[in-house]
Amino acid sequence: MRSSDVDEPREADMADQIRLADALSQEEVEALIPEESIWAYRLRQLDIPVQLLRIGILFGIWALWHYEVVWDGWEWFSVAGITPFPDVPETFRASPGETWEYFTQIYHEKLFWQDLWVTVKEALFGFAIGSILGLLVGIVLGRFRRVAKTMGPFIVIINAMPKIAFLPLILIVYGVGETSKVVLAVIIVFFIVQVPTQAAVALVDPDLDLVARTMGASQRQLFTKVTLPGITPAVFGALRLSAVISVLAVVFGEIFSARRGLGQRLITAANQLSYGDTFAIVFILALIALIMNGGIGFAERKALRWQATQQGGQVISL
Amino acid sequence: MSPAVELKDVTLIFGGDHPKDEPVLAVQDIDLSIPAGQFVAVVGPSGCGKTTILNMLAGIIGPTRGSVMRHGEEIDGPSDDIGYMLARSGLSPWRTARRNVELGLEFRGVPRAERRERAMELLAKLRLEGFADSFPSQLSQGMRQRVAIARTLAIDPDLWLMDEPFGALDAQTRLTVQAEFLDLWYETHKTVIFVTHDLEEAVLLADRVVVMTARPGRIKSDTIVDLARPRVIDELRFDPVFRETEHKIWEELRGEIV
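Chains as they are written, first to last, in my numbering: chain A, 1 to 318; chain B, 1 to 258.
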């Protein structure tokens, strides 16, 4: 008789935790919840309509590009002297074919791979150094209120400056080589990580802090077991953003002045009116940023497994 | 022998930060002596300084005047033989139930295997052994509060400070958790100071109920609860002695609340 153990008083909050098998027979469970094969489940997860729509949108973009619709602007639409959709002259129009051609050419070109490596290296160094410095300074300022009070105005003023404006000065100090691009990326990435890290330290749940202190945690233990895990979600959010921004900073620096790198390749192609090549390089740069972002997303899923349980099994990515 | 906890002529004033802020008299002239092993409930209107007393005993704040002592010695900072439990569970969301229970033991450098064993033993007593690897977000409010009880007791504290620990639970869940908590206490018989705004809870659990006045908090009455132990609280609620005691203390408390 199953009814005997169901009759036992159970407290309200345990009720939803009673295992199905204890309360219902196998047949009853099957009747209530239809079984789904693993393939049916995967198909449901795939969500065919969404995938079809995505393919449709991709095809639409290609069609607009291929049939040169995007190049035919609305010259007549002009507000206060600003014409947002101008006609692009025939000679500057690049077709999807020309863009694709570039990919097939560069595959064998040794110099391209050197340029790619230069840009990737600069972006990685800029990202790593800027993030580490931002993290350290953010933690120190978040933890020590008087240091934050002292340094606050200086940080706010420097952060308010458009960091790109430092580039001419950086080029004078570091030259046109790779170091100048790394320095630019470090300066930009630093603030992207420092500001949210500092805020996150200040926002760590005060209850956790109180509980840990009354249990006799040392300052070091408070830091490693309360503060550090508490700020991790915010830090990962900042790192994702700074990965994309570090590529942006490095490419901007290369376009401005550089010996090698994809940014230099991009501006050269543009100057030669090879717009197919220009497009191709933009895609390659996007790919670099996406791979870096993906790497951080992977680390994030490992580090924040507890969060996955809060969001119904998914760590939000990208 | 000196009492486990003793407050002598304790007054605490929270001075405002700004010179124009009015200083607040939180508690005034508190005299309270608690022998080791006594379960004392503190009731009073909200804002009467109940939590302030717990914070002084936990060594987080010091009195403006008077002395706060444990075993005859002045408290001069947090110590690791106190268990402090809050109404909000204060669990680390990134730790599983078991690792939350282990937190205080980690602070003391207890080896992993020993920590684990102690945590599992406590979780089992609170009927949570099946949820040792669940994160707090996967647990109900009542289960989280039971994990918090296990965490508080894991370090085997000499003094239990409870700040409305069951205040956030619904009536039925509260009754079960209270009973479990009382059983755990009965096994160890440590000194407990249990702050609550629920008079029924105070009388059901405690040996002695201290009523505080509205701010500034002073001790209005101090009543011994003459009910045998071990107590079966869901039956005790209908006991005439319980009813009488609750009524008597209610008369004291009423004046402060209304």
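No lab work stands behind these hints, which were simulated from the structure alone. Here the structure is a predicted model, which means the values were calculated and not measured. Any given hint might turn out to be false.
As the list claims (entries may be wrong) - If you only want the chain A side, here are some residues facing chain B, beta carbon under 8 Å, derived:
id: 1; residue: Leu-203
id: 2; residue: Val-204
id: 3; residue: Asp-207
id: 4; residue: Leu-210
id: 5; residue: Arg-213
id: 6; residue: Thr-214
id: 7; residue: Gly-216
id: 8; residue: Ala-217
id: 9; residue: Gln-221
id: 10; residue: Phe-223
id: 11; residue: Lys-225
id: 12; residue: Leu-228
id: 13; residue: Pro-229
Stated by the list, open to error - Only pairs whose alpha carbons sit at most 30 Å apart, straight line, appear in this in silico DSS-like list of lysine-lysine:
id: 14; chain 1: A; residue 1: Lys-149; chain 2: B; residue 2: Lys-20
id: 15; chain 1: B; residue 1: Lys-190; chain 2: B; residue 2: Lys-125
id: 16; chain 1: A; residue 1: Lys-110; chain 2: A; residue 2: Lys-121
id: 17; chain 1: A; residue 1: Lys-225; chain 2: A; residue 2: Lys-149
id: 18; chain 1: A; residue 1: Lys-302; chain 2: A; residue 2: Lys-121
id: 19; chain 1: A; residue 1: Lys-121; chain 2: A; residue 2: Lys-163
id: 20; chain 1: B; residue 1: Lys-248; chain 2: B; residue 2: Lys-8
id: 21; chain 1: A; residue 1: Lys-225; chain 2: B; residue 2: Lys-125
id: 22; chain 1: A; residue 1: Lys-225; chain 2: B; residue 2: Lys-190
Stated by the list, open to error - Every beta carbon over 10 Å from chain A, so not counted as near; a handful from chain B, in silico:
id: 23; residue: Glu-6
id: 24; residue: Gly-16
id: 25; residue: Leu-25
id: 26; residue: Arg-65
id: 27; residue: Gly-83
id: 28; residue: Ser-92
id: 29; residue: Glu-106
id: 30; residue: Met-120
id: 31; residue: Ser-137
id: 32; residue: Gly-167
id: 33; residue: Thr-223
id: 34; residue: Arg-229
id: 35; residue: Glu-244
Even for Gly, the Cβ is constructed at its ideal location relative to N, Cα and C.
Verification of the hints:
no.: 1; hint: Leu-203; in the structure: 14 Å, violated
no.: 2; hint: Val-204; in the structure: 10 Å, violated
no.: 3; hint: Asp-207; in the structure: 4 Å, holds
no.: 4; hint: Leu-210; in the structure: 7 Å, holds
no.: 5; hint: Arg-213; in the structure: 5 Å, holds
no.: 6; hint: Thr-214; in the structure: 4 Å, holds
no.: 7; hint: Gly-216; in the structure: 3 Å, holds
no.: 8; hint: Ala-217; in the structure: 5 Å, holds
no.: 9; hint: Gln-221; in the structure: 5 Å, holds
no.: 10; hint: Phe-223; in the structure: 12 Å, violated
no.: 11; hint: Lys-225; in the structure: 7 Å, holds
no.: 12; hint: Leu-228; in the structure: 10 Å, violated
no.: 13; hint: Pro-229; in the structure: 5 Å, holds
no.: 14; hint: Lys-149/A - Lys-20/B; in the structure: 23 Å, holds
no.: 15; hint: Lys-190/B - Lys-125/B; in the structure: 17 Å, holds
no.: 16; hint: Lys-110/A - Lys-121/A; in the structure: 17 Å, holds
no.: 17; hint: Lys-225/A - Lys-149/A; in the structure: 26 Å, holds
no.: 18; hint: Lys-302/A - Lys-121/A; in the structure: 25 Å, holds
no.: 19; hint: Lys-121/A - Lys-163/A; in the structure: 21 Å, holds
no.: 20; hint: Lys-248/B - Lys-8/B; in the structure: 27 Å, holds
no.: 21; hint: Lys-225/A - Lys-125/B; in the structure: 26 Å, holds
no.: 22; hint: Lys-225/A - Lys-190/B; in the structure: 28 Å, holds
no.: 23; hint: Glu-6; in the structure: 19 Å, holds
no.: 24; hint: Gly-16; in the structure: 19 Å, holds
no.: 25; hint: Leu-25; in the structure: 23 Å, holds
no.: 26; hint: Arg-65; in the structure: 24 Å, holds
no.: 27; hint: Gly-83; in the structure: 8 Å, violated
no.: 28; hint: Ser-92; in the structure: 6 Å, violated
no.: 29; hint: Glu-106; in the structure: 7 Å, violated
no.: 30; hint: Met-120; in the structure: 18 Å, holds
no.: 31; hint: Ser-137; in the structure: 4 Å, violated
no.: 32; hint: Gly-167; in the structure: 14 Å, holds
no.: 33; hint: Thr-223; in the structure: 28 Å, holds
no.: 34; hint: Arg-229; in the structure: 23 Å, holds
no.: 35; hint: Glu-244; in the structure: 28 Å, holds
Comparing the model with each numbered hint stated earlier shows that hints 1, 2, 10, 12, 27, 28, 29, 31 do not hold.
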